[in-house]
Amino acid sequence: MRDLTEAFLELIRRTSTDLPPDVERALEQARQAEQPGSAARGALDTILENVALARRGSSPICQDTGTPIFTVHHPTGWSTRELRRQIRQAVARATELAYLRPNAVEALSGRNSGDNLGDDSFPTIHFEEAEGETLTVDLMLKGGGCENVGAQYSLPHSGLGAGRDLEGVRRAALDAVHQAQGQGCAPGVLGIAIGGDRGSSFLASKAVLLRPLDDVNPDAALAELEARLMREANELGIGPMGFGGATTVLGVKARGMHRLPASYFVSVSYMCWAHRRRRMQVEGETVRYLDRSEA
Amino acid sequence: MIQLTLPLSDAAVRDLHVGDPVSLHGVMVTGRDAAHKWLVETFVRKTRPPQDDDAQAAEALAPLLAGGAIYHCGPVVAGLETREYRFVAAGPTTSSREEPYQADVLQHFGVRAVIGKGGMGARTLAACQAGPAVYLHAIGGAATLIAQTVTRVVGVHKLSFGVPEALWVIEVLAFPAVVTMDAHGRSLHAEVEARSRAALDRLFTS
Chain W
1 MRDLTEAFLE
11 LIRRTSTDLP
21 PDVERALEQA
31 RQAEQPGSAA
41 RGALDTILEN
51 VALARRGSSP
61 ICQDTGTPIF
71 TVHHPTGWST
81 RELRRQIRQA
91 VARATELAYL
101 RPNAVEALSG
111 RNSGDNLGDD
121 SFPTIHFEEA
131 EGETLTVDLM
141 LKGGGCENVG
151 AQYSLPHSGL
161 GAGRDLEGVR
171 RAALDAVHQA
181 QGQGCAPGVL
191 GIAIGGDRGS
201 SFLASKAVLL
211 RPLDDVNPDA
221 ALAELEARLM
231 REANELGIGP
241 MGFGGATTVL
251 GVKARGMHRL
261 PASYFVSVSY
271 MCWAHRRRRM
281 QVEGETVRYL
291 DRSEA
Chain Z
1 MIQLTLPLSD
11 AAVRDLHVGD
21 PVSLHGVMVT
31 GRDAAHKWLV
41 ETFVRKTRPP
51 QDDDAQAAEA
61 LAPLLAGGAI
71 YHCGPVVAGL
81 ETREYRFVAA
91 GPTTSSREEP
101 YQADVLQHFG
111 VRAVIGKGGM
121 GARTLAACQA
131 GPAVYLHAIG
141 GAATLIAQTV
151 TRVVGVHKLS
161 FGVPEALWVI
171 EVLAFPAVVT
181 MDAHGRSLHA
191 EVEARSRAAL
201 DRLFTS
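Protein chains in written order, with my numbering: chain W, 1 to 295; chain Z, 1 to 206.
The following block holds chain Z by itself, in its conformation from the complex (with noise of 0.2 Å):
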């Protein structure tokens, strides 16, 4: 089990190879498919001119993202009311979808690694490899689990998206994933995909 703590030098981002265990400590931001959308089109392509507190919600990121982790996750929040924010359940969601911006936002605000389920395409593989950056695969489902590595709700940016949606600011310990895209250009997505298509061509023909 490699240790990660967050955020990562450049080098650390290039030793890890696809298949590597790792476990993360440190400051990560969730964002998904709202914060995706908003990041890009505020912020890196600009077709959308900031509103209400999208500048300081910006502000506040930039330092986080740069060297950091965004975590592809819409968690279960609870203490809502009283602003005492804790982490219920917090798995990964689906990373496919955020597949036309995940690139942008590696290269724009300089994040080191994208941690979700699924993994992603050849787009976020080719600005992992100029990053560097790496895709880091949480295990779908293991919401109680992860949710216990995560110590402290920092805070939250753009709840107005809803709490799934929000950025939510989490410090985390012992956090666990496996490298399954790196920033050598391997993919085991990719590499998963190749076989199953060839046996799936042979189930057909049989």
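Same shape as in the complex, but just chain W (with noise of 0.2 Å):
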């Protein structure tokens, strides 16, 4: 099995440096929609030239870059354990050349490990076998800041009003941007699942950030509910950095799954809008760097 080291150090480069192409899109058309001079109109200037000032100098979007989360698709016969390893080895090495900020801090001694590595789960690394011969491998960086404003609730949520139908899913997600206010560095993105176990819900609602934000749902029921969520966060008025303004969510992204007959969860991850997420193909000798918005 060929060494891919230095593909995922570049895959990481790329994450932490160059915000995909969607998610700059909307930023700037959320810029247009501020009033000139207002303090939301000022934060999307200063944050769209961070963006390009990153880009160019190849450093950093944010200082919190996050847990790496990644998720692999390998042809059969691959060895996941020397692609944990490799993978790794790359997230040291990117931590090294101040790609990543070293994050692993361990929560009983409260030592970090100074080289972003941690227990098993961290980096994050989701292995699923797929067809073909083709290694892809997506990359997303969640960094704490909005990792601490995701929620889950329990419906029926009598203080919400929020039954078992996606009334109460809507109910559930509105006050979930309602309590982050600014604090997930708002415009953020919404992931949401609904149904599940607790694990496999919160696991779910942050897969669905992966998708690319100007895609359309083709379930009717959730494309609809992504719509008017969508809408109705941005009627909150929270605005960029909860200055108050016309847009507080990028994107809404939700899926259904199972769940007991007991239970009916609805798990919301914020994507702050250092939404850093790289696609990485290789087949044969040929690797290639793309966004899920370009996959």
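Check before you lean on any hint, since a few could be wrong.
Computed list of chain W residues with no C-beta within reach of chain Z, every gap over 12 Å [unchecked claim]:
no., residue
1, Gln29
2, Glu96
3, Thr136
4, Glu285
Listed next, the stretches of chain Z that the computed footprint assigns to chain W, with coverage defined by at least 3 CB atoms under 8 Å from CB atoms of chain W [to be verified]:
no., segment
5, 85–91
6, 113–127
7, 180–194
Keep in mind that the hints were calculated from the coordinates and are not lab data.
Glycine included, C-beta positions come from ideal geometry on N, C-alpha and C.
Using the hints, build the complex out of the two chains.
What follows is the structure in structure tokens.
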């Protein structure tokens, strides 16, 4: 099996320093929607200037380079143990090169490992065997500020008047956006999973964040929910950085799952405006880097 | 754009109002979760005895904090091996986690400006009024842009907390921020929260 450590390092560099085009486009649209001279407009001016500077200088868009979350689809016969070793080596190297901040802190001692390597969940690596001969690796960097404002609801929820239906999901999601205010670095992207158990539901709410911002959910009911939540979340007026303004979310992505008869979870993962996600594909000797929105 | 040179006088702080864009110059100190817990437990509430280099670090930090600014930031720093430190990425972290500590730190050390993102709560706002002090909102995620305003890393304390949690002493030139909590009892965050709460109630009843 070939050594892809350098390729993983390049994937990390691109993810940390180069915002995907669909996210940058959405931020540009948000900028134009704010009043000239307002704090919200100023925040988006600074954000877009920062995105350009980071790309030009190959430096991190945000200093919180988050939990590196890798999703690997590999052909039959590849060693996931070897892939894990190479990914971890690339993460440590990317930390030395200051593409990543050392972020792995042992919970009990408070000790920072210094090289971004913690237990088997840090970095997080999901492996899945796939058809064909192509290795596909998606990387998402999810920072702590937005991770902290994620929320999980167990329906029914009497405080929100939320029952076990899409109206209940709507109420839970809007409550999460209101609770988050600007603290998750608005304008953000919402990943919503409906169903599952607590663990699978949160996992799925992150996985949907890999979808391009401008795609349309093939499920008509979910497509309608996404569009409505996007409109209504923006009506809250929280705005960029919580300064007040027209754009609070850049996108909403939802999916349904199977659940137990007794459980009805709604999990909301909040992704900050610095929605850093990149894809790498390896086919034979060829390594390609692209974003999901270009795939 | 209001030009502010650190340390700040009480008058300069009282002249600031919610919504004012500011540009900061001079020396400030980064400090986030571990730093706030350490400062308060060791030097304010004294529930934990000073250990290792604690007393030394506090002695060096005290004159910088008096009238100065504390920046909620966990930077990406290059040059760790040679100790020729350079800030590569240095946006603000979420300030609300320091709410249990911030008022004590403001009062005990005479800090005049807290820089962070997301705003803080009622206790910090009251401490800003008493101080006087202000909360300055930096743009979350604008890490490369803000790092370019850091002209020099003067030193670092408690590096044992790890790079993001250490207290970095930095000199800045034209560090951009917006006043979102002032010394007159006004908080943009409380206002936006109340307005969005009303909007949420309307959406739930419609």
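Check your understanding: Of the numbered hints stated previously, which ones are contradicted by the structure, given in increasing order?
Key -> Hint 2 contradicted; others consistent.
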